[in-house]
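S.K.: If you're matching them up, the sequences are chains A and B in order. Residue numbers for the first sequence follow my numbering, beginning at 1 and rising by one. Residue numbers for the second sequence follow my numbering, beginning at 1 and rising by one.
All clues stand as given, with none of them false.
Beta-carbon label-pair distances, calculated as ranges:
id	chain 1	residue 1	chain 2	residue 2	range
1	A	Glu58	B	Lys72	38 to 48 Å
2	A	Ala30	B	Thr64	26 to 36 Å
3	B	Asp30	A	Leu222	12 to 22 Å
4	B	Gln43	A	Gly152	43 to 53 Å
5	A	Arg9	B	Thr64	23 to 33 Å
To be clear, the hints were calculated from the coordinates, so they are not data collected in a lab. The beta carbon of each residue, even a glycine, is placed where N, CA and C say it ideally should be.
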Amino acid sequence: MKAMESDARLIVYVDVKSPYAFVALAPTFAMEQRLGFQFDWRPLTLDIPSYAGSARKEKGKVIESNRSQRKWLGIKYAYMDARRYAERQGYNLYGTEKIWDSSLANIGILWVARHDRDRLKAYFDAVYPLFWRRELDIENVEVVCQCLTNAGIVTEGFQVFCETEGRVLHDQLQSQLHPSGIYGVPTYVFEDEVLFGREHLPYIEWRLSGCVGAAPDISNAL
Amino acid sequence: MKFLTVFIDFKSAAAYLAMDATLKLIQAGDVQVIWKPYEVRAQAIADKKQIETVTESHLRVRATQRQQTHLKYAAIQGKTIIFQKEPKGSGAALTALAQFDGDPVEYIRAAFLAYWQDGLDLDDPETVKAILNQCGVDSNSISFDQKGKDLLVAQQIEAEEQGVFDTPMYVVGSERFLGREQLPWIEALLENSL
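My request is simple: use the sequences and hints to build the entire structure.
M.R.: Here it is as structure tokens:
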């Protein structure tokens, strides 16, 4: 799998542990429906400590951190901002207590894409809202299996896939991302463009639907 | 009447590209706007090294992509935007904004153009005085010495106490919004239509 190549006209990179990816799902799926063709959804497992520092919380209090004050302001804002959009979409979004390893849940995206692409939205619906209500241990492969089952997706072979081919595919993809100009989620890749953030959806839709009228500026849908 | 506070820095490409849409929003409604300075950090994009840590790679790729995105939307808006290899400062221009008496929009527009179109150093008081004079503002009324700098620092601290960390940051009541992509929500808040 090549990071910038796909048979689909649009590649969408997401990570289960990203609040911004969570709130981007609804408008991106809505755009997919309007355009009438399937996007190629892929995992990007964020290495958060490498760019945002790390912290550990217990009972809502930070007990360990190497983040600057400005970085903390940015992170707190990001959660607050994602939360208000999530609430408008009818979801709860609670800040995480630790930085999760989301690779298993993200390998699940590769599994669904391979076995039952039409149920990808159902898989996301089974994972994201629960995770962001702190009700899902996405580091537990059996929990991820249960999400697949809840979404109506076959799970036979999934655990082996996570340890073998799925892990290899996932890791090979991650190593191609920075060299391709991809660093965060959601990222949208199409033709010659790499765009980070759902605020680009108006422009992407304009491009993918034939560039009719003036190009739109960035905007978050309400 | 509603109140909107907008924090800007002239060396923020995002703040520059937000100006037209922000002014359009303001003109459309009964909104009183307070423009405030907030100095962001602008660093040169590091050259790609043969061996990079994940952090170095992430920061370089992110900065490069952001710059390309700004260039794309500047073209869409029909604006010139020139990124300098080493970003110039904006301290003196922000010091002036911190002391501005009256509507600063013409000055803000001129300072943004001076930075992004003409590549001027807005940390140079003489450059900023020329911009002020061009906008019909008596530059002698602005202090660029320690007193003026202290005022900017005080406003910077006050902004961070409100949770400001980047620009353009919009504050409506107790709500903060970063970036012009948030204008639909801000507009709805100002119209009480959420």
